[in-house]
Amino acid sequence: RVLEEEEGQYSQYRHHRTLDARLAPLGITLVQWDALRAISRHPNASSHRLAQLTFQTDQSFGALANRLVARGLINRVTGPGRALRHCLTPAGESLLSEGYPVYNEVLSKSFSPLSSTERDTLYGLLTRLLQSPDRPLVE
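Count along the sequence shown from 1, then add 1238; that gives the number in the working numbering.
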């Protein structure tokens, strides 16, 4: 059976809304926390690359980055050409770290209906899909 688009969208919507609500007491949205995570995983990445990694347009990531700079969570420095490079500040690293337990708990609850064996199978299948040489991902 193929997962219906509406079922997948509802599941993703519910998951994102839960994460947003659980991250709110930390003073951050899921979109902001995801940007911190991307910057942490790809220090000194360009705005364009970070926009790709967070599924945003260059313009929306630029606006988000401006808000994160204003809050003291990231620093941006000029790179080659007109590129801006990003890195977390200590405050950004701290907030990212505070969010991981929330993220892990929500993720754990999201997959709790599956048995350990089913989760292992799902992980294996997703890993195989992501490692496929003909996957249509932008690098």
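It is worth saying that the hints were derived from the structure and are not from the lab. In this text, a Cβ means the ideal position worked out from N, Cα and C, and glycines have one as well. Any given hint could turn out to be false.
Label-pair distances were calculated between CB atoms; the ranges are [to be verified]:
| hint | residue 1 | residue 2 | range |
| --- | --- | --- | --- |
| 1 | H1254 | L1367 | 18 to 26 Å |
| 2 | D1296 | G1362 | 30 to 38 Å |
| 3 | L1368 | R1252 | 18 to 26 Å |
| 4 | P1351 | P1328 | 32 to 40 Å |
| 5 | S1278 | E1343 | 33 to 41 Å |
Results of checking the hints against the structure:
Hint check: H1254 to L1367, Cβ distance near 21 Å, so the stated range 18 to 26 Å holds. Between D1296 and G1362 the CB atoms are about 35 Å apart, so this pair conforms to the stated range of 30 to 38 Å. Between L1368 and R1252 the beta carbons are some 23 Å apart, a value that agrees with the proposed interval 18 to 26 Å. In this structure the hint that P1351 and P1328 lie 32 to 40 Å apart at CB holds, the actual value being about 38 Å.
As the Cβ distance of S1278 to E1343 is approximately 19 Å, the hint placing it in 33 to 41 Å is violated.
The structure fails hint 5 only (numbered hints given earlier).
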